[in-house]
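2 protein chains.
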Amino acid sequence: MKKIKLGPKPLLYPMPPILVGAIVNGKPNYMTCSWNGLAGYKPPTIVIAMREVRYTMKGIKENGTFSVNIPSSGMYKETDFCGIYSGSKKDKSHIFQTFFGNLDTVPLIEECPLNLECKAVNYLNTGSHILIIGEIIETYINKDCMTDGKADAEKIDPLIYLTATMRYHRLGDFIAKAFSVGREQEDIRDNETILTYVQGRDK
Amino acid sequence: MKKIKLGPKPLLYPMPPILVGAIVNGKPNYMTCSWNGLAGYKPPTIVIAMREVRYTMKGIKENGTFSVNIPSSGMYKETDFCGIYSGSKKDKSHIFQTFFGNLDTVPLIEECPLNLECKAVNYLNTGSHILIIGEIIETYINKDCMTDGKADAEKIDPLIYLTATMRYHRLGDFIAKAFSVGREQEDIRDNETILTYVQGRDK
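If you read the sequences in order, they're chains A and B. 48 is the number that the numbering used here gives to position 48 of the first sequence; each next residue is one higher, with no gaps. Add 203 to a position in the second sequence, counting from 1, and you land on the number used in the numbering used here.
It is possible that part of the hints are untrue.
[Stated by the list, open to error] Taking lysine-lysine and the DSSO-like style, the derived pairs with C-alpha atoms no more than 27 angstroms apart in a straight line are: (1) B:K245 with B:K292; (2) A:K143 with A:K77; (3) A:K177 with B:K293; (4) A:K42 with A:K119; (5) A:K42 with B:K206; (6) A:K5 with B:K346; (7) B:K292 with A:K177; (8) A:K2 with B:K261; (9) A:K77 with B:K380; (10) A:K177 with A:K42; (11) B:K205 with B:K261; (12) A:K58 with B:K261; (13) B:K208 with A:K150; (14) A:K90 with A:K119; (15) A:K77 with A:K58; (16) B:K264 with B:K245; (17) A:K27 with B:K206; (18) B:K245 with B:K230; (19) B:K212 with A:K119; (20) B:K230 with B:K212; (21) A:K155 with B:K264; (22) A:K143 with A:K119; (23) B:K322 with A:K27; (24) B:K380 with A:K9; (25) B:K230 with A:K5; (26) B:K292 with B:K261; (27) B:K264 with B:K230; (28) B:K380 with A:K155.
[To be verified] Restraint ranges, calculated between C-beta atoms of paired labels, are given here: (29) B:Y326 with A:T147: 43 to 51 angstroms; (30) A:T165 with B:N305: 20 to 28 angstroms; (31) A:S128 with B:M349: 20 to 28 angstroms; (32) A:K2 with B:N325: 28 to 36 angstroms; (33) A:S86 with B:N305: 32 to 40 angstroms; (34) A:D144 with B:N305: 47 to 55 angstroms.
Bear in mind the hints are in silico, worked out from the structure with no lab data behind them. The model shown is predicted, which means the values in this text are computed figures rather than measured ones. From the three backbone atoms N, C-alpha and C, an ideal C-beta is built for every residue, glycine too.
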């Protein structure tokens with residue numbers, strides 16, 4: 001396969017276009033952010049990359065709290081809206097039904113099937129962005145998105161963001177069970193490795 | 204919609220099951236890691252959550268370098284293998300064809316359609332995990348995964364990892380253009396807001 005160099009580019013696939021919620025100037029505000037990932041399980045943490053100038057950042061820094069809301073694929077229009085317009089120019093408090101959990105500074109989106117209520121516990125400057133480390137203090141999920149006591153992604157039907165070409169997709173077909181199908185690989189590779197060694201020895 | 208509480212849980216959808224490459228004890232090693240995200244664009248950075256005890260961490264700390272390799276959906280078996288077995292017990296240097304770019308301490312996977320060559324520029328402890336901040340110094344992509352000069356996710360066909368139920372999926376159908384479809388939402392919501400205000404005034 002012929003590889004080409006693109007220079008240093010922030011490319012990663014797939015990405016979750018989460019809606020980050022905060023109270024800013026006394027109102028719920030929601031901002032779309034695809035640069036994020038899980039950061040630990042003890043305590044459960046998430047990391048979000050956000051520019052310092054963002055309207056949402058003001059609320060997070062003031063209150064030390066925020067929410068992460070996972071949109072389902074049908075919510076592409078509202079999600080994109082919250083990525084295009086700043087809360088400094090558009091009042092985004094009416095876009096969704098807001099509910100609250102433990103803290104009155106963490107607005108959560110009723111329409112999103114999965115919500116994480118977070119406390120900001122650390123910040124790290126990466127240059128253009130600030131990494132916000134959030135401790136997840138509670139998880140809310142639509143009851144009908146559970147299977148056998150576990151969050152079921154197929155029922156959540158998450159929206160997927162693809163950078164560079166800037167497109168939303170839905171989740172596709174099931175391929176295989178993780179932490180399971182790799183065990184088949186083991187035997188194949190062990191045999192191949194053995195064969196390579198044997199052939200090497202013969203030469 | 205009825206919501207239930209799960210307690211604090213690290214849940215996020217979708218996630219990219221990247222293969223993190225490093226030279227450990229003189230050999231390429233690859234570890235699957237789904238807890239990661241982009242961290243900035245100037246300079247381009249990525250953040251990866253990894254446990255301190257990981258074999259791969261040894262190589263990253265020693266050399267201050269690592270790679271991020273995006274597997275396509277057909278690579279589910281090899282990807283899962285690298286998530287199940289530690290390099291301390293299995294020699295994973297033969298799983299893929301390794302190539303090198305600028306630095307001889309950054310092994311890159313030929314079979315992965317997209318590769319990021321990274322320098323570790325910062326670390327942050329979140330409790331159970333260490334966040335590794337990597338500056339992307341070069342990007343390699345299969346020539347046939349480009350469309351009009353841009354990385355094309357549909358051609359990359361990335362493997363998708365879904366936590367909790369622990370399943371691999373492929374990318375599904377295109378829904379809409381990002382930074383575009385949200386402009387339609389604007390009009391709808393503006394009208395709704397206006398209607399609500401008018402109705403409110405009438406009452």
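Do the hints match the structure? See the list:
1. B:K245 with B:K292: Distance ~38 angstroms between K245 of chain B and K292 of chain B Cα, so the pair is violated.
2. A:K143 with A:K77: holds, 24 angstroms
3. A:K177 with B:K293: Roughly 21 angstroms separates the two Cα atoms, so the pair holds.
4. A:K42 with A:K119: holds, 14 angstroms
5. A:K42 with B:K206: holds, 24 angstroms
6. A:K5 with B:K346: holds, 9 angstroms
7. B:K292 with A:K177: Distance ~22 angstroms between K292 of chain B and K177 of chain A Cα, so the pair holds.
8. A:K2 with B:K261: violated, 31 angstroms
9. A:K77 with B:K380: holds, 10 angstroms
10. A:K177 with A:K42: Holds: K177 of chain A and K42 of chain A sit about 25 angstroms apart, inside 27 angstroms.
11. B:K205 with B:K261: violated, 46 angstroms
12. A:K58 with B:K261: The hint is violated at about 38 angstroms.
13. B:K208 with A:K150: holds, 12 angstroms
14. A:K90 with A:K119: holds, 25 angstroms
15. A:K77 with A:K58: Between K77 of chain A and K58 of chain A the Cα gap is close to 25 angstroms, so the pair holds against 27 angstroms.
16. B:K264 with B:K245: The given pair, whose Cα atoms are some 23 angstroms apart, holds under the 27 angstroms limit.
17. A:K27 with B:K206: holds, 23 angstroms
18. B:K245 with B:K230: Violated, at roughly 31 angstroms.
19. B:K212 with A:K119: holds, 13 angstroms
20. B:K230 with B:K212: violated, 36 angstroms
21. A:K155 with B:K264: violated, 40 angstroms
22. A:K143 with A:K119: holds, 24 angstroms
23. B:K322 with A:K27: violated, 40 angstroms
24. B:K380 with A:K9: holds, 21 angstroms
25. B:K230 with A:K5: Status holds; Cα separation ~24 angstroms.
26. B:K292 with B:K261: Within the cut-off at roughly 14 angstroms; holds.
27. B:K264 with B:K230: holds, 15 angstroms
28. B:K380 with A:K155: holds, 23 angstroms
29. B:Y326 with A:T147: 43 to 51 angstroms: violated, 37 angstroms
30. A:T165 with B:N305: 20 to 28 angstroms: The hint (20 to 28 angstroms, Cβ to Cβ) holds, given that T165 of chain A and N305 of chain B are roughly 26 angstroms apart.
31. A:S128 with B:M349: 20 to 28 angstroms: holds, 25 angstroms
32. A:K2 with B:N325: 28 to 36 angstroms: holds, 34 angstroms
33. A:S86 with B:N305: 32 to 40 angstroms: holds, 38 angstroms
34. A:D144 with B:N305: 47 to 55 angstroms: Given a distance of about 50 angstroms, which is inside 47 to 55 angstroms, the answer is holds.
Checked against the numbered hints above, the structure breaks hints 1, 8, 11, 12, 18, 20, 21, 23 and 29 and satisfies the rest.
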